[in-house]
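Visitor: Sequence:
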Amino acid sequence: MILFRAVDAFPQNPRQSPDSTNCQRVVVKFGTQVLTTDSGSLDLNALRDLVSVIAGHRLKGTHVAIVTSGAIGAGASAIGLKRQGLSVAQQQVAAAVGQSLLMEQYNALFGRKGIAVAQLLLTNDDFEDEKRRKNLVGTLHALLQQGIVPVINENDVVTTSELDFSSGKTGGAFGDNDELSSLVAQAIGAQTLVLMSNVDGLLGPNGHVIPEVADVSDSLESLDLKNGNGRGGLKTKLKAARFATRAGIGVYWINRHATTLEHVLEGQTAGTKFAPAGTATNEVEQQVRNAVQQSRQARHDLARTLATQRNDALQKMSDALDVHRQRILEANAKDVQKARDDGRPEAFIERLALDGVKLDALQRTLVDVETLVLPDMRMREWTLPNQVVIRQVRVPIGVVALVFEARPDVVVEAAALCIKTGNALLLKGSRQAHATNTAIVRSLQDALQATGLPNGCVQLLPPERESTDALLKNTCVDLVIPRGGADLVTKVRKDALMPVIFAGGGTCHVYVHRDADLDMATGILLNAKTQKPSACNACETLLIHRDIAAQALPRLAAALQNAGVTVKGDAACLKILVGDVIQSQREPDWRAEYLNLTLAVRVVERLEQAVDHINRYGTHHSDAIITADERSARQFMDEVDSAAVYWNASTRFTDGGQFGFGAELGISTQKTHVRGPIGIDALYTYHYEITGNGQVRT
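Position 16 of the sequence shown, counted from 1, bears residue number 213 in this note's numbering, the numbering being contiguous throughout.
Just to be clear, a hint being listed does not mean it is correct.
[To be verified] Listed next, the in silico DMTMM-like pairs over lysine to aspartate or glutamate satisfying Cα-Cα at most 20 Å (straight line):
1. K257 with D675
2. K555 with D498
3. K670 with E463
4. K868 with D852
5. K772 with E790
6. K670 with E409
7. K257 with E547
8. K868 with D835
9. K688 with E602
10. K691 with D666
11. K555 with D852
12. K691 with D675
13. K691 with E661
14. K257 with E463
15. K555 with E567
16. K729 with D643
17. K432 with E418
18. K432 with D415
19. K513 with E459
20. K772 with E802
21. K513 with D606
22. K432 with D412
23. K257 with D246
24. K772 with D744
25. K531 with E661
26. K436 with E325
27. K691 with E663
28. K555 with D519
29. K670 with D643
30. K436 with E459
31. K535 with D666
32. K279 with E325
33. K535 with E547
34. K513 with D675
35. K729 with E543
36. K436 with E409
37. K868 with D826
Calculated directly from the structure, the hints in this document are not laboratory data.
With the hints as constraints, model all of the structure from the sequences given.
Guide: Quick look at the structure:
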């Protein structure tokens, strides 16, 4: 019987050794009942599905070692022996035959993916003898670094202690290879050990799975309920978990299904997690994981709904905001007062505060989105010469996460767009708006329940920073969108393990060309700067052509001053304007997003200089030209590299509602997938549906 050595028996941790790689290392152990049918024969369908999952992650860079059972079952079936009641000698014969059959399948299945496998049959001596142990560790490292998947089993042909049930021996305790998998995980410095069996995990007294165990104590052995905690293997699984977690390895005990293994390898919660010593998942992280899991299920539930049902939900969500109006406003009043007490700037308070007028607008947003016509799900269709029909079809992205600051209105807009398009929504707001966000989300969830949709469609995550960290590490989220300041956007872009759509700030420009109508220019500039200065589409820099600067600047500056705007001008401005309204312009001010009544002004020599300034200092958000000359306007619009480019209109129109999208999830300044306001079209990806009539590729 292979015995556990002390944790320090494996001091050479590959994560710290000279031959280390930065790749994730995982050991997956297949129990006998994972790979065999009820009759005891090898379950080829189960093995194929499991190999497919592991191969997919190996090709993505994960290093995986397999500890496999199933040889005795496969061999016994092949030579006509019944699995039960075999003598030790018969089990040895079955193991010898079955191991070759098992490896034949592993070789074939992994080979189809272009992945090589290596067989290792181990005994207790391979771990107890120091020289053999070092050789084993070196071989495992070399195999993994070559991208080869080690397939490991105990050598039952020469080791019989685990096969002998005579004289009161329990035998079989290591037949599940639990202890061996823990030793292998320590030997390769794995981050994760996955124990797969015929049950869903460690079961509590109520028969339900215990989702997480922080301390693998001896008291857990009392949970041997004889109702499914394993084939008498609870003690060996707990022992394996105890020694692996003490070595800093996270352990998952999950059921036999390939989809469950996929969830774990993707970072999703499944079965029972035994946390590495000193790193047990805290309550906030667990809440995030549970929420993501519920969102995945809700996404599947939404896929079964009709557009009419989702529209009904949107109408009820609008009604719910009215029914719970007082509760929402009271919660918001508390948030606003707390923000004032904390000395938050007025721009922050403006974004945070709600009143009856804003709530009315949010109700209309839900109704507006309800009335939107969804795009045609079938994008293209064509037939190949062999009569295979290919269709390109829109499908929802899946689970969408929104990380935002003190902007409770975005809760409603995001929920409206996601429900309309069949996406599940995770909301991570700030602590400063948590009371308001909670009141709104509860109202929306009441409406969802009334239409038969699960609460998991729209969920609010805890406001703590740990919640953001846990969310960004969860690869089961399909898309994350940050809405907030530069620090928030930078963090999400840096830490997210999933695709990110973001706006890189709102340093927007208005350029007044030499032939501009000054009345028009004054009106547009005042609207772009003062209508809502805290908005990301507000103008932050005015550029003016030198030919009209002497005439236009005094007029524009007077209008801005009357509106309370502080002007920060360059040297050319100072020569034209005098007085306290002008401050010397410094280079960093060209990049500034003031979000208040401050405006930078620069005189440019020509249109091309204005374009160069915008492309250099702007954030590719929204920029406008005021001109009577179409040719100049076309040049500006063609050359300015921004999501929204305007001709004789205010930049304040860059908004999903103003664009006719009903609402927006944010504004993208990227060039892939979506640019500008993020409406319903941006919440779809697509897949291909291929229909044939027996055609095969030649």
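Visitor: Checked against the structure, which of the hints given earlier come out wrong?
Guide: Hint check: 2, 5, 7, 16, 19, 29, 30, 31, 32, 34 and 37 fail, others pass.
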